[in-house]
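*Asks:* Next come the chains, spelled out residue by residue.
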Amino acid sequence: GPKVLQIPSHQIIDMGQMVTLNCDPVSNHLYFYWYKQILGQQMEFLVNFYNGKVMEKSKLFKDQFSVERPDGSYFTLKIQPTALEDSAVYFCASSLGLGGRTLYFGSGTRLTVL
Amino acid sequence: AQSVTQPDARVTVSEGASLQLRCKYSYSGTPYLFWYVQYPRQGLQLLLKYYSGDPVVQGVNGFEAEFIKSNSSFHLRKASVHWSDSAVYFCAVTGATGGNNKLTFGQGTVLSVIP
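In order, the protein sequence lines correspond to chains Z and A.
So in our numbering, spot 39 of the first sequence is number 39, and the numbers just go up one at a time.
So in our numbering, spot 24 of the second sequence is number 24, and the numbers just go up one at a time.
So here's chain Z without its partners, still in its complex pose (with noise of 0.2 angstroms):
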């Protein structure tokens, strides 16, 4: 089927430096979002993204958080400055469209701030 590819698997940062996680969504689809989840819960919505905008953002997504998907590049989540609560897998998905339409997943970045 359809393959999200997240890179890379794991980083590891020193709290407070800057962090880009790269997501390489399928190709023709148009709508992209990024996931968290830490440790032992479930996986939480950040943002998804159409159109070079910020459709709908959580509370999660916070100031220090910016993606963008440069000239049909990667699709990245930049965190800048990182803090310790930001240690999770972060998942990236794509989608053809809205209204249901399956969201196919990444294997996910995990994020270790120390």
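Hint data in this document are derived by calculation from the structure and do not stem from the laboratory.
Any given hint could be a false lead.
[Stated by the list, open to error] Below, simulated DSSO-like cross-link-like pairs (lysine-lysine); rule was C-alpha separation at most 27 angstroms, straight line:
#1 Z:Lys57 to A:Lys49
#2 Z:Lys57 to Z:Lys3
#3 Z:Lys57 to Z:Lys78
#4 Z:Lys57 to A:Lys24
#5 A:Lys49 to A:Lys24
#6 Z:Lys3 to Z:Lys78
#7 A:Lys102 to Z:Lys78
#8 Z:Lys62 to A:Lys102
#9 Z:Lys59 to A:Lys102
#10 A:Lys24 to Z:Lys59
#11 Z:Lys53 to A:Lys102
#12 Z:Lys3 to A:Lys49
#13 A:Lys102 to A:Lys69
#14 A:Lys102 to Z:Lys3
#15 A:Lys69 to A:Lys24
[What the hints assert, rightly or not] Computed, partial: chain A to chain Z, Cβ under 10 angstroms:
#16 Lys49
#17 Phe90
#18 Ala92
#19 Thr94
#20 Phe105
#21 Gly108
[What the hints assert, rightly or not] Beta-carbon label-pair distances, calculated as ranges:
#22 A:Ala79 to Z:Arg69: 38 to 44 angstroms
#23 A:Ser18 to Z:Gly52: 47 to 53 angstroms
#24 A:Ser28 to Z:Gln11: 37 to 43 angstroms
#25 A:Ala79 to Z:Asn28: 31 to 37 angstroms
Where a beta carbon is used, it is the ideal one built from N, C-alpha and C, also for glycine.
Fit chain A to the given chain Z structure using the hints.
*Replies:* Chain A only, in chain Z's frame:
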């Protein structure tokens, strides 16, 4: 607000036995419901989804789920499990109308299949 509850954090069954993983949802409108599976070190993979029509939906690898509106449930079933079904299973809901395709997930159920 929408929410999903998976009351069983862990389920252990013997290979060849039947399986039911429970899912209860809360959504004020018409829901779209999903079951995803996550194998170790992999992303979530869609097992099945319910949009409308026949409340029993068939998915991959012999899985099925039944939408019971009166009970707000969408339990996942399989007649005979295999050791390779060991994984984490997530139930999710989104709205049929409006919204931004935002999925709300349950906490997941870890399924262990023992020989």
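*Asks:* Confirm or reject each hint.
*Replies:* Hints versus structure:
no.	hint	in the structure
1	Z:Lys57 to A:Lys49	holds, 24 angstroms
2	Z:Lys57 to Z:Lys3	holds, 24 angstroms
3	Z:Lys57 to Z:Lys78	holds, 14 angstroms
4	Z:Lys57 to A:Lys24	holds, 25 angstroms
5	A:Lys49 to A:Lys24	holds, 15 angstroms
6	Z:Lys3 to Z:Lys78	holds, 22 angstroms
7	A:Lys102 to Z:Lys78	holds, 20 angstroms
8	Z:Lys62 to A:Lys102	holds, 18 angstroms
9	Z:Lys59 to A:Lys102	holds, 14 angstroms
10	A:Lys24 to Z:Lys59	holds, 24 angstroms
11	Z:Lys53 to A:Lys102	holds, 16 angstroms
12	Z:Lys3 to A:Lys49	holds, 18 angstroms
13	A:Lys102 to A:Lys69	holds, 21 angstroms
14	A:Lys102 to Z:Lys3	holds, 20 angstroms
15	A:Lys69 to A:Lys24	holds, 10 angstroms
16	Lys49	holds, 7 angstroms
17	Phe90	holds, 7 angstroms
18	Ala92	holds, 8 angstroms
19	Thr94	holds, 6 angstroms
20	Phe105	holds, 4 angstroms
21	Gly108	holds, 7 angstroms
22	A:Ala79 to Z:Arg69: 38 to 44 angstroms	holds, 43 angstroms
23	A:Ser18 to Z:Gly52: 47 to 53 angstroms	holds, 48 angstroms
24	A:Ser28 to Z:Gln11: 37 to 43 angstroms	holds, 38 angstroms
25	A:Ala79 to Z:Asn28: 31 to 37 angstroms	holds, 36 angstroms
Of the numbered hints given earlier, the model fails none.
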